[in-house]
Every structure is written in C-alpha cells, then in structure tokens.
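Order-wise, the sequence lines are chains A and B.
Here this note's numbering is used: the first residue of the first sequence is 1, the next is one more, and so on.
Here this note's numbering is used: the first residue of the second sequence is 1, the next is one more, and so on.
Errors might be hidden in some of the hints.
[To be verified] Ranges between beta-carbon positions, derived for each pair: (1) A:Glu62 - B:Ser398: 17 to 27 angstroms; (2) B:Gly26 - A:Gly70: 39 to 49 angstroms; (3) A:Pro39 - B:Pro396: 25 to 35 angstroms; (4) A:Arg51 - B:Glu171: 40 to 50 angstroms; (5) A:Arg51 - B:Ala269: 20 to 30 angstroms; (6) B:Asp80 - A:Ser52: 46 to 56 angstroms; (7) B:Glu171 - A:Glu62: 51 to 61 angstroms; (8) A:Arg51 - B:Val350: 46 to 56 angstroms; (9) A:Arg68 - B:Ser169: 22 to 32 angstroms.
The set of hints was computed from the structure by calculation and includes no laboratory data.
From a predicted model like this one, the values you see are computed outputs, not experimental measurements.
From the three backbone atoms N, C-alpha and C, an ideal C-beta is built for every residue, glycine too.
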Amino acid sequence: MKATRAFVAALAVLASGAAFAAEAPPGASSCSGCHATNPNAGTTVPPLNGRSAGDIADAMNEYKAGKRPGTIMDRLAKGFSEEEIKAIAAWYAAQK
Amino acid sequence: MRTSRRQFLKAASAAALVPAPALAQGAGPKVVVIGGGFAGASAARFVKKYDPRVNVTLIEANRTFTACPFSNGILAGLRDLGAQQFRYDRVAADGVVLAYGTADEVDTQARTVSVANGPKLPYDRLVMAPGVDLRFDALPGYDARAADIMPHAWKAGEQTLLLRQQVESMEDGGTVFIVAPANPFRCPPGPYERASLIAYYLKTKKPKSKVVILDAKDTFSKQRLFQNAWKELYPDHLEWISLSQGGKVNAVKPGEMTLATDFSDHKAAVANVIPPQRAGVIAQKAGVADRSGWCPVDPVTFESKQVPNVHVIGDAAIMGGMPKSAFSANAQAKVCAAAITALLRGEKPVEPRLINTCYSLVAPDYGITVAGVYKPANGVLADIQGAGGVSPIEAPRSQRELEAQFADGWFKTITGEVFG
Numbered sequence: 001m002k003a004t005r006a007f008v009a010a011l012a013v014l015a016s017g018a019a020f021a022a023e024a025p026p027g028a029s030s031c032s033g034c035h036a037t038n039p040n041a042g043t044t045v046p047p048l049n050g051r052s053a054g055d056i057a058d059a060m061n062e063y064k065a066g067k068r069p070g071t072i073m074d075r076l077a078k079g080f081s082e083e084e085i086k087a088i089a090a091w092y093a094a095q096k
Numbered sequence: 001m002r003t004s005r006r007q008f009l010k011a012a013s014a015a016a017l018v019p020a021p022a023l024a025q026g027a028g029p030k031v032v033v034i035g036g037g038f039a040g041a042s043a044a045r046f047v048k049k050y051d052p053r054v055n056v057t058l059i060e061a062n063r064t065f066t067a068c069p070f071s072n073g074i075l076a077g078l079r080d081l082g083a084q085q086f087r088y089d090r091v092a093a094d095g096v097v098l099a100y101g102t103a104d105e106v107d108t109q110a111r112t113v114s115v116a117n118g119p120k121l122p123y124d125r126l127v128m129a130p131g132v133d134l135r136f137d138a139l140p141g142y143d144a145r146a147a148d149i150m151p152h153a154w155k156a157g158e159q160t161l162l163l164r165q166q167v168e169s170m171e172d173g174g175t176v177f178i179v180a181p182a183n184p185f186r187c188p189p190g191p192y193e194r195a196s197l198i199a200y201y202l203k204t205k206k207p208k209s210k211v212v213i214l215d216a217k218d219t220f221s222k223q224r225l226f227q228n229a230w231k232e233l234y235p236d237h238l239e240w241i242s243l244s245q246g247g248k249v250n251a252v253k254p255g256e257m258t259l260a261t262d263f264s265d266h267k268a269a270v271a272n273v274i275p276p277q278r279a280g281v282i283a284q285k286a287g288v289a290d291r292s293g294w295c296p297v298d299p300v301t302f303e304s305k306q307v308p309n310v311h312v313i314g315d316a317a318i319m320g321g322m323p324k325s326a327f328s329a330n331a332q333a334k335v336c337a338a339a340i341t342a343l344l345r346g347e348k349p350v351e352p353r354l355i356n357t358c359y360s361l362v363a364p365d366y367g368i369t370v371a372g373v374y375k376p377a378n379g380v381l382a383d384i385q386g387a388g389g390v391s392p393i394e395a396p397r398s399q400r401e402l403e404a405q406f407a408d409g410w411f412k413t414i415t416g417e418v419f420g
C-alpha cells in the first residue's frame with residue numbers, strides 16, 4: 001500500500017517535470033551511509049540502487065527473521081515493518 | 001528597530017520575487033547552513049538535491065575538512081592525515097554556495113546570519129551543524145594552552161598530529177594516559193578505540209609501555225566487546241580504570257604532566273585529555289542550546305524547540321537515543337533536508353526512521369560495531385525496541401575481520417556521499 005503510494009508519488013514527480021526530487025520513504029535515506037550510490041566508492045558493501053525490489057525485500061525479510069547471516073543488517077532489519085521494507089526496496093529499485 | 005528591519009527584509013524579499021535579472025542565487029527560498037562537517041555538508045547538498053529551486057549557502061570556517069572517524073589510526077601510525085581530508089569542490093559543484101568564514105552572529109528575529117568579516121545572509125530556514133566545542137572551563141588546569149602539552153585530539157588535525165608525535169617519541173616503558181569524559185560527548189566509543197589502537201602500536205613498537213584510560217564513567221559503548229578483545233590482544237598493554245575504581249580526573253597539571261584523581265596523582269609520559277563538551281559556541285549565541293549546553297530539537301524536522309525556523313543536527317543536537325556519530329549526523333541531515341524542503345513547499349514532513357551504524361577498530365583487522373534504528377517518540381528519537389545492538393560477543397575472528405573491512409568501506413562511502 002505504502003509502496004504503491006511512493007510509486008505513484010514518484011510517477012507524479014516524473015510527470016510534473018521533476019520540480020523536486022522524489023524523497024525516499026522513511027528509513028531509506030539512511031542506507032546510503034554504507035550502501036554507496038556511487039559505484040566507484042571502493043567499498044565491499046553491495047550497492048542497492050537499481051537492484052530488484054524483490055531481491056532487496058527478500059534479503060531484508062531474511063535478515064529480520066534471522067535466516068540470513070550478516071554483520072549489521074541482521075540487527076537493522078528488525079527495526080522495519082514489512083510495509084516499510086517494501087517501500088524502501090521499491091524506492092531503491094527505482095534509483096539509477 | 002527589529003520590526004522595522006524585518007519589514008524592510010520582507011519588502012526586500014518581496015521585491016526579489018518580481019521578475020528581474022536573477023541575483024547570483026535566484027529568487028527561490030533561502031536555506032543557510034552553518035558548519036561543513038558530516039551533518040552540515042550533507043544537509044546543504046541534500047536540500048539542493050531535493051529541491052533545486054532553493055538557494056543554499058554553506059558557511060564553513062575551513063577550506064579543508066578533516067574527518068574525525070578513523071583519525072585514531074593516525075595515532076597508531078596506520079594512516080596519514082591526508083586520508084582524513086576533504087574539500088568542498090563537489091559540494092559547490094552541486095550548486096551550494098560556499099561562504100568561507102566563521103558564523104559569528106545569528107539574528108533569529110530578522111532571520112540573518114553574520115559571517116565574520118563577510119556578508120550578512122538572510123534565511124527562510126537555518127540549519128545549524130556546529131559540532132562540539134571542547135570546554136576549557138570544566139576541568140581545572142585544562143585550558144586551550146594546556147592542550148598544546150596534553151592534546152585532546154578530539155577535533156582531527158594539528159591536535160591529532162601532536163598526539164601522534166608524542167606517542168611516537170615516547171621512550172619505551174612510558175605510560176600513555178587517556179582521560180575520558182562523562183556522557184554525553186562526541187563519538188562515545190572513540191576513547192576506547194583510541195586506547196586499543198595506541199595499545200596495538202605500543203605492543204608492536206614499544207612493548208614495555210602501556211596505555212591507561214582514566215574514566216569518569218563506569219560503563220561505555222561496546223564495553224564487553226572492547227574488554228574481551230583487550231583481554232585477548234592487549235593484556236599487558238591496556239588498562240581501564242573506571243569511575244568507581246577512582247578513574248575520574250579532577251584536575252590536571254600540564255607543567256608537571258600529572259593527572260589528579262581522588263586517590264592519586266598519575267604521572268604521564270603522554271597525556272591525552274578529552275575534556276567535557278557542549279554544542280558549538282554559535283549554538284549558544286543563537287539561543288538554540290539549553291542549560292545542558294546541547295540543543296533540544298523536534299524529532300521529525302530537527303527544528304529547534306527554542307527558536308523557530310532554525311534546525312539543529314549532528315553532534316550539537318539532543319537526539320534522544322541516537323549517539324553523536326558521523327553516521328548519525330549524515331542520516332539526520334538527509335531527514336532534515338527532506339523536512340525543510342517539504343516545509344518550504346507548505347507540506348507536512350513525513351515521520352522519519354533513522355539508522356545509526358558505528359564501527360570501531362580494536363586492531364587494524366579487528367572491527368566491532370553498534371547499530372540502532374530510531375523513530376520519533378515522546379518528543380525525541382527513540383530506539384526501536386528489538387532492533388540494533390552490538391556485534392555478537394562470541395564470534396569467530398573472521399567476523400571481526402569482515403567488520404574491519406566494512407569499516408574501511410563505510411568511511412569511503414560516507415565521505416564520498418558528503419564530499420565526493
């Protein structure tokens with residue numbers, strides 16, 4: 001539901017000629033502190049931009065459920081609801 | 001006087017809305033940011049990114065920024081200062097106007113900021129990210145001059161190099177003391193990472209020496225992880241003396257190189273004194289700091305609870321559960337930028353979620369972390385229960401190596417986002 005809203009908002013911005021950039025859903029703007037948006041950042045932390053929303057959401061849900069080994073993401077994923085994860089995943093999937 | 005000035009400014013800004021040859025910055029709303037650290041430089045860039053119509057000016061005293069995270073590596077000879085330094089060229093390339101100078105007065109009625117020997121800048125929204133001021137009035141004997149003998153090295157740069165030089169030239173067999181302050185202060189795990197990396201250096205290069213932490217606290221960030229690692233790596237080279245063991249330093253004598261506690265005077269070969277702190281002085285002047293010395297803010301917009309149209313982010317602000325870290329500062333900046341651009345459009349800011357992640361190195365290949373997820377609750381940012389926490393207490397060494405690698409990646413990523 002929220003993901004749909006974010007998607008519609010993103011479309012509206014595109015349609016209006018992008019007077020301002022679509023803002024990230026709650027929580028998403030923090031991710032780029034570790035997951036570089038610049039592919040040449042020189043980090044071994046995988047990028048999120050342009051990955052499929054399904055893959056991102058699956059990974060988050062597995063971290064949250066303790067089914068995927070991690071260093072930090074297993075601790076962070078527990079702070080987000082399924083809806084929030086969906087919205088964050090959709091937003092990163094839409095970034096180039 | 002103030003009213004007429006304000007009316008004048010109103011008239012002036014109304015005039016600016018009349019189609020006319022654009023001023024240097026155009027006619028959009030004005031956001032001024034004070035302080036070009038992880039918080040301020042991020043806020044300036046993201047306001048511009050989220051709404052390019054906004055005229056953004058970043059006031060910063062230095063043309064080169066020296067980052068604190070990872071600067072403990074310099075003390076152990078693992079890193080050069082140059083690896084910590086960044087310039088504002090890419091920030092300016094995004095359309096942010098750089099005003100190099102010290103912000104020395106904020107008129108919150110007229111909504112202007114004065115830059116020393118520079119312009120008076122009007123704002124619709126002001127972001128204050130002044131970081132911390134080291135208090136040279138809080139620990140008897142420790143003033144700005146004492147810091148030339150007993151460096152704090154709590155703002156990276158010359159002080160870091162001075163402490164490095166002292167540790168490097170110390171004769172083997174000496175004791176390096178680190179005086180750790182009570183909460184709150186910038187970078188809660190910082191003194192313990194510092195002790196670890198200095199111990200690493202001593203163990204390798206000066207094995208008869210050691211590092212002793214004199215602490216004004218009984219507990220600290222990532223405590224069990226640090227203590228377990230110290231037992232394993234530095235049993236003969238690192239000692240922590242807590243508050244209840246008499247670790248609180250009440251006075252220092254730089255001339256004699258002594259640190260006085262309730263129980264004894266410790267004679268130091270090298271003394272690193274990290275004094276108590278408060279929000280940067282401009283926050284006190286602008287009236288956004290409360291009696292604690294720090295700045296209470298709304299947890300959705302980070303607007304000051306004391307002064308309207310002024311937002312405070314980063315180390316200077318009281319952020320509830322969120323620690324004073326570079327990651328927090330950058331995360332807060334992005335949320336603040338989104339809130340400000342929403343407010344300037346007349347929209348209601350969205351309730352945010354924020355993350356903090358903080359890496360510490362106990363050795364070059366031994367990393368540990370604390371992480372948290374936060375949301376607004378009861379007027380502050382509160383930890384989301386069940387999320388976050390520290391690295392596992394029991395973990396194979398490969399996990400610590402992986403976290404050390406990710407620490408390095410984190411530094412590159414965040415400095416890339418803020419300055420690159």
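Hints, one by one, checked against the model:
| no. | hint | verdict |
| --- | --- | --- |
| 1 | A:Glu62 - B:Ser398: 17 to 27 angstroms | holds (21 angstroms) |
| 2 | B:Gly26 - A:Gly70: 39 to 49 angstroms | holds (45 angstroms) |
| 3 | A:Pro39 - B:Pro396: 25 to 35 angstroms | holds (31 angstroms) |
| 4 | A:Arg51 - B:Glu171: 40 to 50 angstroms | violated (55 angstroms) |
| 5 | A:Arg51 - B:Ala269: 20 to 30 angstroms | violated (52 angstroms) |
| 6 | B:Asp80 - A:Ser52: 46 to 56 angstroms | violated (41 angstroms) |
| 7 | B:Glu171 - A:Glu62: 51 to 61 angstroms | holds (54 angstroms) |
| 8 | A:Arg51 - B:Val350: 46 to 56 angstroms | violated (23 angstroms) |
| 9 | A:Arg68 - B:Ser169: 22 to 32 angstroms | violated (49 angstroms) |
The structure fails hints 4, 5, 6, 8 and 9 (numbered hints given earlier, in ascending order).
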